[in-house]
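**Student:** Residues per chain, in single letters:
Protein chains: 2
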Amino acid sequence: MSETRSEISQLGEFGLIDRISKKINLQNPSSIKGIGDDAAVLDGGEDYTLISTDLLAEGIHFDLSYTPIQHLGYKAVSVNVSDIAAMNGKAEQIVVSLALSNRFSVEAVDALYDGIRAACEHYKVDLVGGDTTSSRSGLVISITVIGKVRKERIVYRSGAKPNDIICVTGDLGAAYLGLQILEREKEVFKSNPGMQPSLDKYEYLVGRQLKSIARTDIIFDLEEAGVRPTSMIDISDGLASELFHIGKNSNVGVRIYEDKIPVDELTYNTAALEFKIDPVTCALNGGEDYELLFTIPQTDLEKLKNHPDIHTIGYVHDKANEHTLITKQGNAVALKAQGWNHFG
Amino acid sequence: MSETRSEISQLGEFGLIDRISKKINLQNPSSIKGIGDDAAVLDGGEDYTLISTDLLAEGIHFDLSYTPIQHLGYKAVSVNVSDIAAMNGKAEQIVVSLALSNRFSVEAVDALYDGIRAACEHYKVDLVGGDTTSSRSGLVISITVIGKVRKERIVYRSGAKPNDIICVTGDLGAAYLGLQILEREKEVFKSNPGMQPSLDKYEYLVGRQLKSIARTDIIFDLEEAGVRPTSMIDISDGLASELFHIGKNSNVGVRIYEDKIPVDELTYNTAALEFKIDPVTCALNGGEDYELLFTIPQTDLEKLKNHPDIHTIGYVHDKANEHTLITKQGNAVALKAQGWNHFG
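Residue numbers (our numbering), protein chains in the order written: chain A, 2 to 345; chain B, 2 to 345.
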């Protein structure tokens, strides 16, 4: 046994992944791409087979005091399906493993699977297997998703080219604010259990946190429009962190414009007026929006310009890892990737 | 919210799986077989793609006070690879998800991955992805394995036919006794921490518990011999439980002979003389041997009879779910499947 003890929190999640993946060599010819993108890529004959996995742990990723367990099941599927979408693929199957303590009843497990099944129906994904076991404490949900993409349609994080246009779907920051609201109401409830939280006003924000939807519709629309992005990633850790991933993997830099970042009006007002935080910071570093971030050649811009839910926010340049935000006032500031450090 | 609360322990693991799988309908044409065998089966063009997943939770499946963490990594891969072998397939890729508390150092994670990588090299499997996150307490390892099998070579639990011969590989019961020894030494150590446990004498048994090996060699040998079993399953929950699975899925009964069940001499003596338990009970209900149980047509018996590690233990008959053990004294007794109930 080694005498040294290094803390995982010092490495952080990305440091740990780097450390693990550095020692890995792929030996099977069917393993096309391993760790380092939204999904692993396997040779599936005519198509590529895509594999991705996400683990959600109680107390870290979710709080059952305000998360309806059906929604949790739905979200656990969505975050996995989103990883397949980020490769421009279509999810087809999932396997679900649960570890749960005896705090959970059969009815709770039923409700969790009701949510999982509802998501499966929405995404047309089959639940084909899993493992269910007990845990000493709490609930852990581990889902692996299997998807497909035609070989010529696959999109990695690594294909962004100078002058490409950067696009994001939907709006950003709402899921983060939804979480802030839920946490605030929990504190209010704790100090005054008789008070019913009034979340109606924040329905959109809370819904973005609790009922995440993977943008499989965008994958369909891109194909319809005849556009294959040069790079793509889903926004799970916040726009800034994802831009850094694209920059690092594509060996490019990005320049984005604050006034182009799509932020919903309710998100904007709740952030600025109630929480006194910068709405753009929520969009850049909030995470859990599960929107798609992708780059396209300028020549494809015309094909997407009428899409109501795809927004251009900037462009790619050749100065590797020089990532700039142009503020509303016209100042150029260096982008910072914050991401999450659950080990912190 | 429902008012009823039913305990999972009353349903048990198999009851819970039945409850979940009953509500599932497969909708994708590529989903050939879902829940209910050792692995899910997907149409992979020329071959079938096999998917299986296993979750190991600290305090339930392993005890780090006597389990070297490298071995745990190795075992977590083995139990997954074993599921693919049980479909007559070859594992090719794994994805690994970890949830771990800050009790674990970077060095511990390194050691865990050393074991995972050693297993990957042994089985020629690529680690292609995963998710690493923190947990509130303890370690959870969730691995999903992806494998392949030529369509005409696949073996389900459901193909056993009357008069087929029942075969098992290796020997049974040793892993269970290894666990008993480790638990005993732990108690000794707790009451007298100065005492060093002497496990040398039990090396084989302890090794069978801590360093599980999937029988991928047997899959190779079966193909070499030109034998395709009519049904197959790996022995994770004990021989009796697995025979019940084959019986239920194939709609047949089995008749096995106590004196044919392969039990290693050290297993036998340790069970009978030290622990005063029936060695055959260990083999029938012990579990975690990760040997293979399969059935073959009588006409294939000749091809395997010289294999040193394949043992015939009985035969299949047409009385569905009538499972009998013929004791050494020649008495016929009904087999009981005990299996594990972690929720108990």
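One thing to keep in mind: the hints can contain errors.
All copies of an identical chain are treated as equivalent in the list; a pair is satisfied when it fits inside any one copy or across any two copies.
What the hints assert, rightly or not - Once the Cα atoms are required to be at most 27 angstroms apart in a straight line, the calculated DSS-like pairs of lysine-lysine come out as:
hint : residue 1 : residue 2
1    : K162      : K261
2    : K187      : K202
3    : K162      : K125
4    : K212      : K23
Quick caveat, the hints were computed from the structure, so don't treat them as lab data.
**Student:** The structure should be examined with respect to each hint, and the outcome stated for every one.
**Tutor:** Hints versus structure:
1. K162 <-> K261: The answer is within: 20 angstroms in one copy meets 27 angstroms, while 67 angstroms across copies does not.
2. K187 <-> K202: within (16 angstroms within a copy, 57 angstroms between copies)
3. K162 <-> K125: Cα proximity of K162 and K125: none, with 33 angstroms in one copy and 36 angstroms across.
4. K212 <-> K23: Cα proximity of K212 and K23: across copies only (25 angstroms, versus 35 angstroms in one copy).
The structure does not agree with numbered hint 3 stated previously, though it agrees with all others.
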